[in-house]
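Novice: Residue strings, one per chain:
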Amino acid sequence: MISVADICFYCLGAMLLILAGLTVLSKNLFRSVLAFLGVILCTAVLFISLRAEMVALAQLMVYVGGILIFVLYAVFLTSELGGKMPDPGQRRTFIAVTASMFSLAVLLGLAWQFYGPLGAEQVIEPNIASLKSLGFRLLNPGPDGFLIPFELISVLLLAAMVGAIAIAKQSAKSGAKS
Amino acid sequence: MCFHDSITSCMLTLTWVLPLASAAVMMLFPKDRSGLIRWFTLTANGINLALIVLLSILFIMHPPVQTGGTQTVLAFSANHAWFPLLNIRYHIGVDAISLSLMFLAGVIVFCGTLASWQIRERTKEFFILLQILAAGVFGSFISFDLFTFFVFNELTLIPTYLLIVMFGSGRKEYAAMKLNLMLMGGSALILVGIFGLFFSSGIHSFDMLELSQIHFDRSFQLWAFPALFLGFGILGNIFPFHIWSPDGHSSAPTAISMFLAGVHMKLGSYGCLRIAMYLLPEGCRPWMNVFLVLAVAGVIWGAFVAIKQKDLKYMNAYSSVSHCGLVFLGLAALNSIGLRGAVMQMLAHGFIAPAVFCIIGMIYTRTHTRLIPQMSGLMASMPFLSVCFVLAGFAALGLPGMAGFAAELNIFMGAFGSSSLAKVGAGLAVLSIIITAVYILRGVNAVLHGPALEGSHQLGDATFAEKVPLVMLLSCILVLGLYPGPISTLLDHAIQPILNNLNR
Amino acid sequence: MDSMTTLASYGVLILPLLSFLLTGLWLGRKNWIASACTATFLMGLTFVLAVILALGYRTQILLHPELYPSATSVAWEHSWMTFGPGLAAHIGFYLDPISVMMVVVISFISFLVHFYSIGYMKGDKSAGRFFPLLSFFSFSMLGLVVSTNLIQTFFFWELVGAASYLLIGFWYTKPSAVAASKKAFIVTRFADAFFLMGMLVVGTQSGGFDFLHVNDPAAAVILNRSVGTGMFAFNLLSVSTVLIYLGAWGKSAMFPLHVWLPDAMEGPTPVSSLIHSATMVVAGIYLTARLFPLFAAAEGTLRVVEFTGAFTALFAALIACTQTDLKRILAFSTLSQLGLMMLSLGLGGSSEGGAVQTLAYTASMFHVFTHAFFKSLLFLSAGIVIHAIHSNDIRDAGGMRKSLSWTYAATLIACLAIAGIWPFSGFFSKEEILQSALKGGHYIALAAGLLTSVLTAFYMSRYFILIFHGTKRSHASEHGHDAHEGILMVLPVLILAVPSALIGWLGKDFFLAHILPYTAGASAAGISESHESGSFSWLVPVTSILIMSAIGAGWYFYGRKKWSAGFSEGQEPGWYRVLRNKFYVDEFYGFLVRKVAARFVATPANWTERKIINGAFDETSGVFRRLAIRLCKFQNGQVQVYLSVALLGLYALYWIGRMVH
Amino acid sequence: MNLMGCLVLSVALFAIGAFGLLTRRNIIAALLSLELMVNAALINFVGFSRFGGPSTGSGTAWHMDSQAGSLFVLFAVAVTAAEMALALAIVIALYRQRKSLDLRELDSLHG
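Residue numbers (the working numbering), protein chains in the order written: chain G, 1 to 178; chain D, 1 to 504; chain Z, 1 to 661; chain A, 1 to 111.
It should be emphasised that the hints constitute simulated quantities derived from the structure, not laboratory data.
Everything numeric in this text was worked out from a predicted model, so none of it was measured.
Careful: at least some of the hints might be erroneous.
With the C-beta cut set under 10 Å, the calculated list includes, among others, these residues of chain G facing chain Z [unchecked claim]:
no.	residue
1	Pro88
2	Arg92
3	Ala96
4	Thr98
5	Ala99
6	Ser100
7	Val106
8	Leu108
9	Ala111
Each residue gets a CB set at the ideal place from its N, CA and C atoms; glycine is no exception.
Please put together the full structure from these sequences, using the hints given.
Specialist: Set out below in structure tokens:
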């Protein structure tokens, strides 16, 4: 029995995959980035439909607000937008197709092996991924909480930012010199 | 003199600890103090040689009484757990075979140190590596635990490689790589065989003496024996796996050529006797015919190829192939005379080939060539070296009164007293003494005799440091050749358990 | 055996060895005169001891046949190496008629040669090296003749070879000497390999190496069996004795292994003298005589001995007639005489009767004995001539009668002796040989012996006349410094002239009475009976007449008609060229060694070694190297390739894991 | 809309990402493909968090922490952000040095 939610899911999934395909196949880097934006938006919608609003939010904020901006900056700084990207060549394509097909086959096989037969008796969790509960969980210093990983992640992010700036800046200096 | 057992076994351990320790100490020496390094190495090796001589005297005074069974009775033995999880033990001891080879190794290492006296570059590295090499060999000869034996055996390979590459001449990279690849290949076979012995024994032991009492499954013996024998045979220079040795010898510096020919190869034939034949008697009999054919082929082949060599070192290397073939012929005779002859030939060749290499090295430092056609009439300018060369050459061609003859006589007699295939093989091998005479005399005559070359009068004879090793080696050759009675009796006792096992 | 004799027997071996060590390690390098005198003195002492030994042997053993029925004893014996029950090698001292005779002869001649060498080597830079080697040579030969067993024989046999190698190549800067030394060693070594083989077969199969054991009829019975199958079936006794005889064949330079001996005269003349008379070449004869009972038991072996001897005797005598080198003529005469000795030893081959065998054996030993004296005399006097004319070529000699009068006399005696003129020593021994050939019915051998005798007389008269008569052709004497005879060199020659002349007469009866093979049926009675029956007395006048006429012919051609030593360029007839070139045997060997052995054995072997065996290794490692180069392509630094490999590898591992479970 | 659907979607996305990672010659494009793969993982996390796993009999063993799935996604997103920041900084530095972003030319690890 197919519900409306299912149809929405399938449509969303199809869109997601098409956009992903565009991301990896488009000859133009800018289009590729745009398709990737689409992928992220679709994923966010998917997360919402899976009742993970907090995650969707984070996804949108970090990816669209952060990563994608980075990427666009990088693209603008490095490439001419209209240019076609070079072709990978037949052999590489063949190997890549083989590898990805193997990935598909092996992972699907594994998924089927462990979860396929259970499709009918799914346990649908209650709505536990609400913003509030997650937030409490995240900042809980107790044994159940994730305060320490949270803080570590923030330190990591900070370090990464500093590092990124340092790398870009240092090479800029040396580039200016040369 | 009466020493407590623990003291003598400690002395035995010291024979490999001392070189290793001296290598470790030398690492702390400043690089540029080459004189100090040389003297230090010489002292260490001299002490080691004295130690071995002392042990030999003790051994001769109280030889271990063989019980007449199949188990070798060791002298100076010690047996400690080393890695109990795999039942690896530090089991050392000597019988007449290994002790005589220890003596050989001691003399060769000492002489090799003296023969390397003139090494001027990277002296420190040279002597450190030499000492590690020596430690590996001494350790191998005293080990009666297969695993320990193997470890010590492997310890010799890498220093050999480095020594040839760093201090060699000619196509040294090729030669060193070839040598190491082939010997490593041999080691791989040995390792397979050793693990086979370990697991098939049912007692999970690496101990040779315990394993010698086990009756292995016949089918196991039939595949393990060739693996072990061939593995050691490659090291022992068996035809057609001898090809590492000519290139290796000729590229190596003098001391290493001496060491390879004198001691390292003997480790191979020793392994063939002590491990392959002793532990796997049933596998030995059917396979021995194959190895007999290889041995005789090596004897004749090496001699014929030696005739055509222009490089003195190559000539001697192929002569080694021929002489090592005789060792295997003796082993293949499978009787006490043959086995004894094989061990005596190990000793004889162990003294003769290094002596020749030593002389060739000394001639090379003077003439800067080793090619026979480029030399002539050196007798006039270097009489001492020439006399030594003639003597060593006579020894190599098996002149009575020299070590080679005593050994060859035993081998031929053993083979004549063995199977009919062995008789035919012995007949052919006897004929090789003609070819040996041809190439030895060709080398000696071309190099020493004939009109003297221009300017050869300034070349100068051997210095004192060069005379010492030559005199030592030649006296060993002469003593062994003139008076082989006592050592052959001692060897007889040591061979008896192996033979009993073979006849079981 | 009293202690004096035993002591003498030790001394006979130890003194030459001592001389070798003393002069070789110490004196020779400081002062050659001191070393020469020491060596000569010690050899003289050795001779004295040898005489003492011989007298002791005679009084205590030889004259007590009731105690020593075969007149054989072992003075002392020390174990050298033990091989198994009964199989042992000893160093010992064997006493029997021929060993004692040889000890006396060797020490006597060696002493004289040492003495002579003092004069001969004067002025030679390397004289200090000469005497130790000479002593060593004598020591080796003495050790050989007193051997108690085959292994000791082989031991010293090889030492003799080595010593001769060193002595022939003594003047090592002379390429011809170097080549000759190598040739001598390798040719004899070739034979020795067979000797070793035969010895091992005899020893291991019969269960002992001692002569007392091997010469026992029981040993021959054990060995006398057929081994092998089909085409390879052979009689063990025949094969092993022929193998041993091959050793003697090479050492005694029988055709076709004779090639080393004429070249061996490249060494100093005293060495040639020693080699040709007492030390080296008679070793082969001696070995054959030593194993005579075993050989006699073997079917056919003695025939081989006989025919090699006969052929060599004739062959060498023919060549000797055409040579122009002084020492080479003598060398071929040695070959020819050795052939006679071998022939004589082989005469017992087909005869059943012990008497012929015994007579022939005795004759052979007798000839060894007499030959040693006159041959060393010939060489030593040739050395004087060579010293005088500074040349080896007989065409440079001539008219030396006046300046070398003592040598002239001595050489005359020696030539008469070797030619076999009564009453010189050669006559008696040669006569015995011919008689036994006749008595045994070996007419081929008899003919060969007769012809050889005639030829010998001819070429010796040629030799003698060309050197001492005629006009002086020597450049040395033209240039004023007249040839002279040093007393040091003449004295030994004169001493040797005495036994050369007389020893045959004096020794004949002794030999006939005592030098006997200890085979069954050998007895002095039988031999003297057959000898004195007189039925063969026509042989003596016939041979004498033939020899006299040969000498006359020599005199006629070379003395009266003044033939030169050889034909001049271009006028040489073909047969003469063949003879002068020694039947091209050397050339044939050269072809065999250089072309056949080198080109078809050693070169292909070397090629196979380099290309195939080493090539196999290189190819194997090449396969891996090429594989590695292929694999290197994955390591091209491109992260995507690494990723693909990693991913595919991951799945491959996954797949393998699934397969395994 | 069930676990299997999520898994299939995730696997497909992963495969597409892998394909892109292996074929794209531009570093930035390759990084985008990498992000696709990360996204696939995220979907997986969320899917499991939503639908749970297979329920085993007792239930107690499973009732671990469904929130953890979502929380892990949060952390993963953060780490990805850090990674991308660094990667793009390197890309810019690289471009300045080499004037090229072609992965084929970046083979200084060539053996």
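Novice: Interface hint check: Ala99/G, Cβ to nearest Cβ on chain Z, cutoff 10 Å. Holds or violated?
Specialist: 4 Å, holds
Novice: Any CB of chain Z closer than 10 Å to the CB of Ala111/G?
Specialist: 14 Å, violated
Novice: If you take the shortest Cβ to Cβ gap from Val106/G to chain Z, is it below 10 Å?
Specialist: 6 Å, holds
Novice: Hint Arg92/G vs chain Z: min CB-CB distance below 10 Å?
Specialist: 7 Å, holds
Novice: Hey, does the Ala96/G contact hint survive, CB to chain Z under 10 Å?
Specialist: 7 Å, holds
Novice: Is the interface hint for Pro88/G satisfied, with its Cβ closer than 10 Å to some Cβ of chain Z?
Specialist: 8 Å, holds
Novice: Would you check whether Leu108/G satisfies its interface hint, that is, whether its CB is within less than 10 Å of any CB in chain Z?
Specialist: Because about 13 Å separates Leu108/G from the closest Cβ in chain Z, which is outside the 10 Å limit, the hint is violated.
Novice: Return the status of the interface hint for Ser100/G: holds when the least beta-carbon distance to chain Z is below 10 Å, violated otherwise.
Specialist: Where the cut-off is 10 Å and the nearest Cβ of chain Z is about 8 Å from Ser100/G, the hint holds.
Novice: If you take the shortest Cβ to Cβ gap from Thr98/G to chain Z, is it below 10 Å?
Specialist: 7 Å, holds
The earlier numbered hints that this structure contradicts are 8, 9.
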